[in-house]
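S.K.: Top line first, the protein sequences correspond to chains E and B.
Here my numbering is used: the first residue of the first sequence is 1, the next is one more, and so on.
Here my numbering is used: the first residue of the second sequence is 1, the next is one more, and so on.
Bear in mind the hints are in silico, worked out from the structure with no lab data behind them.
The beta-carbon is built from N, C-alpha and C at its ideal position, and this holds for glycine as well.
Misleading hints may appear alongside valid ones.
[To be verified] DEER-style ranges, computed between Cβ atoms:
(1) E:R262 x B:F14: 43 to 49 Å
(2) E:A8 x B:H84: 18 to 24 Å
(3) E:S355 x B:G30: 54 to 60 Å
(4) E:R376 x B:R179: 37 to 43 Å
(5) B:R179 x E:P196: 48 to 54 Å
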Amino acid sequence: MTTQRRGAAAPLVTLLLFWLVGYPLVLTLAEALGAPRWTLDHVLEFARRPAEWSALWASLWISVATVVLAAAIGVPLAFVFERNEFPGRGLLGTLVALPVALPPLIGVLAFLFLYGESGFVSRGVQALFHLAEPPWRLSGPGAILLVHAYSMYVYFYMFTRAGLARLDGSLLEAAASLGAGRARVARTVMLPLLAPALSAAALLTFMTSLASFSAPYVFGGSFRVMTTQIVASKLNGDTSLAMVETVTLALVGLAGLWLLRRAEGARPATGGVRGIAPRRRELGARRRWAATAAGWGLTLFLLAPHATLLLVSLVPRNTWTTEALPPVLSLGNYRSLFSEAQRLTPIVNSLWMASAATALAILLGFGAAYLATRRRDRWATAMEGLVAAPWALPGTVFAVALAAAFSVNAPWAGRFVLVGTAAILPLGYLVRSLPLTGRAAFAGLRQMDPALEEAAASLGASRGRRLYRIVLPQVRPAIAAGASLAFLAALGDFVVSIVLYTYDTRPISIEILSSLRIQEIGAAAAYGVLLTTLSAAAFLVWGRRGSV
Amino acid sequence: MADFLRLEGLEKRFGPAAVTRGVSLSAGRGEIVALLGPSGSGKTTVLRLVAGFETPDAGRILVEGEDVTALAPERRRFGMVFQHYALFPHMTVGGNVGFGLSGQSARAADTRGRVAEMLALAGLSGFEDRRVTEISGGQQQRVALARALAPSPRVLLLDEPLSNLDPTLREHTRRELKRAIRKVGITTLFVTHEQEEAFELGDRVAVLDRGRLEQVGTPEDLFERPATRFVATFIGRASVVPVVWDGGARLTDGPLWPAEAAASLAPGAAADLVVRPESLAFATAPRPDALPGSVTARRFAGRVAYFRVATAAGELEVLGAPDAAREGNRVLVVPAAGGPAPRVFPREA
Numbered sequence: 001m002t003t004q005r006r007g008a009a010a011p012l013v014t015l016l017l018f019w020l021v022g023y024p025l026v027l028t029l030a031e032a033l034g035a036p037r038w039t040l041d042h043v044l045e046f047a048r049r050p051a052e053w054s055a056l057w058a059s060l061w062i063s064v065a066t067v068v069l070a071a072a073i074g075v076p077l078a079f080v081f082e083r084n085e086f087p088g089r090g091l092l093g094t095l096v097a098l099p100v101a102l103p104p105l106i107g108v109l110a111f112l113f114l115y116g117e118s119g120f121v122s123r124g125v126q127a128l129f130h131l132a133e134p135p136w137r138l139s140g141p142g143a144i145l146l147v148h149a150y151s152m153y154v155y156f157y158m159f160t161r162a163g164l165a166r167l168d169g170s171l172l173e174a175a176a177s178l179g180a181g182r183a184r185v186a187r188t189v190m191l192p193l194l195a196p197a198l199s200a201a202a203l204l205t206f207m208t209s210l211a212s213f214s215a216p217y218v219f220g221g222s223f224r225v226m227t228t229q230i231v232a233s234k235l236n237g238d239t240s241l242a243m244v245e246t247v248t249l250a251l252v253g254l255a256g257l258w259l260l261r262r263a264e265g266a267r268p269a270t271g272g273v274r275g276i277a278p279r280r281r282e283l284g285a286r287r288r289w290a291a292t293a294a295g296w297g298l299t300l301f302l303l304a305p306h307a308t309l310l311l312v313s314l315v316p317r318n319t320w321t322t323e324a325l326p327p328v329l330s331l332g333n334y335r336s337l338f339s340e341a342q343r344l345t346p347i348v349n350s351l352w353m354a355s356a357a358t359a360l361a362i363l364l365g366f367g368a369a370y371l372a373t374r375r376r377d378r379w380a381t382a383m384e385g386l387v388a389a390p391w392a393l394p395g396t397v398f399a400v401a402l403a404a405a406f407s408v409n410a411p412w413a414g415r416f417v418l419v420g421t422a423a424i425l426p427l428g429y430l431v432r433s434l435p436l437t438g439r440a441a442f443a444g445l446r447q448m449d450p451a452l453e454e455a456a457a458s459l460g461a462s463r464g465r466r467l468y469r470i471v472l473p474q475v476r477p478a479i480a481a482g483a484s485l486a487f488l489a490a491l492g493d494f495v496v497s498i499v500l501y502t503y504d505t506r507p508i509s510i511e512i513l514s515s516l517r518i519q520e521i522g523a524a525a526a527y528g529v530l531l532t533t534l535s536a537a538a539f540l541v542w543g544r545r546g547s548v
Numbered sequence: 001m002a003d004f005l006r007l008e009g010l011e012k013r014f015g016p017a018a019v020t021r022g023v024s025l026s027a028g029r030g031e032i033v034a035l036l037g038p039s040g041s042g043k044t045t046v047l048r049l050v051a052g053f054e055t056p057d058a059g060r061i062l063v064e065g066e067d068v069t070a071l072a073p074e075r076r077r078f079g080m081v082f083q084h085y086a087l088f089p090h091m092t093v094g095g096n097v098g099f100g101l102s103g104q105s106a107r108a109a110d111t112r113g114r115v116a117e118m119l120a121l122a123g124l125s126g127f128e129d130r131r132v133t134e135i136s137g138g139q140q141q142r143v144a145l146a147r148a149l150a151p152s153p154r155v156l157l158l159d160e161p162l163s164n165l166d167p168t169l170r171e172h173t174r175r176e177l178k179r180a181i182r183k184v185g186i187t188t189l190f191v192t193h194e195q196e197e198a199f200e201l202g203d204r205v206a207v208l209d210r211g212r213l214e215q216v217g218t219p220e221d222l223f224e225r226p227a228t229r230f231v232a233t234f235i236g237r238a239s240v241v242p243v244v245w246d247g248g249a250r251l252t253d254g255p256l257w258p259a260e261a262a263a264s265l266a267p268g269a270a271a272d273l274v275v276r277p278e279s280l281a282f283a284t285a286p287r288p289d290a291l292p293g294s295v296t297a298r299r300f301a302g303r304v305a306y307f308r309v310a311t312a313a314g315e316l317e318v319l320g321a322p323d324a325a326r327e328g329n330r331v332l333v334v335p336a337a338g339g340p341a342p343r344v345f346p347r348e349a
């Protein structure tokens with residue numbers, strides 16, 4: 001319904017969103033420019049330091065290389081699973097997408113235990129060839145790229161599969177009937193039609209890689225990217241420099257977004273006609289075997305890090321030193337997780353903070369979407385932009401911005417001291433979760449036939465009753481999906497936590513890191529398994545309920 | 001008939017584009033009025049303004065003398081059937097039909113009774129527990145009607161109620177719809193782009209073009225005495241040829257045909273003759289009012305056929321017996337006795 005009843009709700013929600021999302025960024029920019037003295041000194045200092053330039057360059061080339069690697073793995077994989085029919089295709093196709101559901105830090109941890117200096121693979125190689133030293137060290141840009149490629153090929157895989165499934169088979173047949181061979185059909189028809197999916201995947205991969213913190217933090221060593229550089233400056237107390245770095249990273253993110261959107265806009269629009277997807281190819285016996293074997297092999301390879309995590313979580317403290325395989329396995333690490341208050345605190349913290357952040361993100365995201373989809377004015381545009389903004393900017397940017405905004409007490413300027421309190425982390429998670437719940441709510445509401453609400457209105461239903469009886473049941477699946485993603489993101493968050501946590505509010509990710517530091521790898525792995533299980537459970541429960 | 005529903009000078013703009021321009025219309029109690037027009041004529045906007053889903057930039061809507069223009073849709077007590085029905089997919093048939101009743105603080109037993117009554121009216125007795133996604137398109141349409149009528153609305157609004165049904169079902173559903181509306185005796189405004197539908201369902205038909213109300217009248221009025229050139233060409237089939245007004249229609253290099261002027265015309269004024277195929281015939285022998293021409297196309301339609309004839313005055317469509325002529329034949333076109341009088345309109349710029 002487009003009947004506009006001017007109320008205070010839209011301006012209020014816009015203001016609240018701005019306070020949460022826009023205002024900290026504005027304050028960060030102001031601080032980078034030396035407010036209230038307003039000077040370019042910090043910017044010039046940034047420009048003078050070679051280390052800053054090399055971190056910036058590293059962020060860029062790592063992100064571009066990640067896109068290339070992720071595409072090289074994900075696109076062929078999508079073709080294999082979408083265009084061919086072979087036994088186990090359905091199950092394997094789902095398993096292959098698994099890395100996307102895992103918190104980045106867990107992926108890093110699993111890689112460390114499998115391929116790291118003292119991981120299973122290097123120990124195995126060392127034992128096999130009787131080497132005195134581990135054969136390699138998992139560090140530097142190579143290690144970062146390996147983890148990135150492993151966790152981000154899924155974007156290309158999922159988007160390409162969706163694109164292929166949407167493809168109108170009659171277009172391919174039309175090209176073939178005009179005499180085009182398979183290669184030409186692929187190049188001139190299929191590829192241009194897949195371009196939207198591919199560029200969306202590239203955009204997502206680039207932005208995720210640019211924002212990536214866990215892998216560079218754990219594997220980077222002296223090799224710095226912008227996210228780790230910012231946190232290092234912040235921890236060194238070089239606040240102004242950290243602000244300039246944050247603004248720079250934000251600008252790079254926005255520039256990347258703008259460039260890719262522009263490339264998308266320049267492409268001719270593909271027709272809106274949805275045809276029938278091309279039929280899958282039935283493979284011959286030999287190729288069927290090869291495809292099945294390759295599918296299983298690949299899936300095992302992709303799941304190996306998680307199996308490793310599970311195994312390491314069963315290793316009691318100080319029992320595994322030089323052996324190729326751990327000599328003792330027990331559930332001791334899990335027992336201590338729940339019996340020792342010290343170890344239980346991070347779990348409780350993560351759960352309540354993620355729940356609170358998700359609940360608020362649903363409320364705010366849905367509220368903004370509901371108000372914005374019912375009006376066509378500047379408030380609507382502003383609300384949609386603010387809800388989506390945290391998606392376009394790396395988590396480090398928001399973490400630093402929130403730290404800057406809420407470490408000063410100036411209530412008249414909307415600033416309160418929240419840093420160091422229990423409120424700041426849920427607030428940080430909330431900002432990061434907003435695009436997930438908000439965009440889901442926007443999508444759900446836009447898909448809903450507006451006539452349904454109009455019909456309810458014409459039957460005398462008040463606004464509240466329409467919302468409760470008609471709108472909510474319709475958009476519940478979308479909101480549940482968004483909420484489960486938001487909860488997962490908050491539960492596994494590392495990047496915001498490391499900037500804003502206090503000892504009392506330390507979440508699971510921070511505890512994993514401290515366990516690693518003191519060589520309690522079993523405990524770290526147990527936390528990792530717990531986080532993975534909680535994530536999978538949340539994903540299944542909410543995702544399932546939403547789909548009903 | 002006293003006005004039960006009155007629309008006064010309704011104006012609505014979306015951005016710079018005016019979608020309705022001063023639409024004024026009234027309907028008596030129990031009357032069915034069809035809003036007929038091509039797509040983009042503003043007919044749906046008029047309906048949405050009446051329903052309250054859009055707010056007019058100017059004008060008023062009155063029901064029994066009460067101004068409802070500023071009233072929210074949920075307070076108007078108007079029932080509406082949507083083009084795609086807008087049935088609530090997460091509720092049963094009974095849940096849908098009863099939705100408008102539960103807000104009226106009615107007792108559960110009363111609600112159940114009313115739902116059953118409405119479903120019986122729609123010919124769907126016993127469908128209460130069916131899912132709306134499991135019933136056919138025709139049944140969905142009837143559920144939508146039952147739902148709209150259940151709370152006893154003051155006015156019923158229908159937005160292209162039959163456009164989603166296949167042609168074989170449409171005619172039957174149209175008759176059922178009319179029967180149900182007549183039985184309830186509710187004042188009804190409905191939108192359609194199909195002339196046949198408007199003529200069968202509507203007591204009166206309002207023709208809209210580019211946001212303007214062109215003419216309101218009975219189907220006979222519109223067909224035989226179209227007020228504007230648009231109505232003359234939009235309703236039924238008609239040929240348009242340039243003429244000079246001379247107390248009749250003087251065809252280019254041709255005879256003077258009897259015709260009515262739709263507006264006052266000065267003798268010698270350039271004008272357009274709008275003539276229906278039924279108003280023309282073929283002459284077998286030369287006559288002073290005959291216009292010679294040749295048949296360019298023939299469309300067979302059962303017991304009659306439509307012939308397109310190229311003449312010096314322009315192309316005309318003539319109704320005749322199927323064997324009256326063949327393509328390429330030279331023929332003589334003359335005014336037919338008994339057809340609707342051809343009408344002359346001032347030449348449009």
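S.K.: Confirm or reject each hint.
M.R.: Here's how the hints hold up against the structure:
For the pair R262 of chain E and F14 of chain B, the supplied restraint of 43 to 49 Å is violated, since their beta-carbon distance comes to about 30 Å. Remark: the range hint 18 to 24 Å for A8 of chain E to H84 of chain B is contradicted by a beta-carbon distance near 34 Å. For the pair S355 of chain E and G30 of chain B, the beta carbons lie near 58 Å from each other, so the given range of 54 to 60 Å is met. In this structure, R376 of chain E and R179 of chain B meet the distance hint of 37 to 43 Å, their C-beta atoms being roughly 41 Å apart.
Evaluation of the 48 to 54 Å hint for R179 of chain B and P196 of chain E yields a pass: the beta carbon distance comes to about 50 Å.
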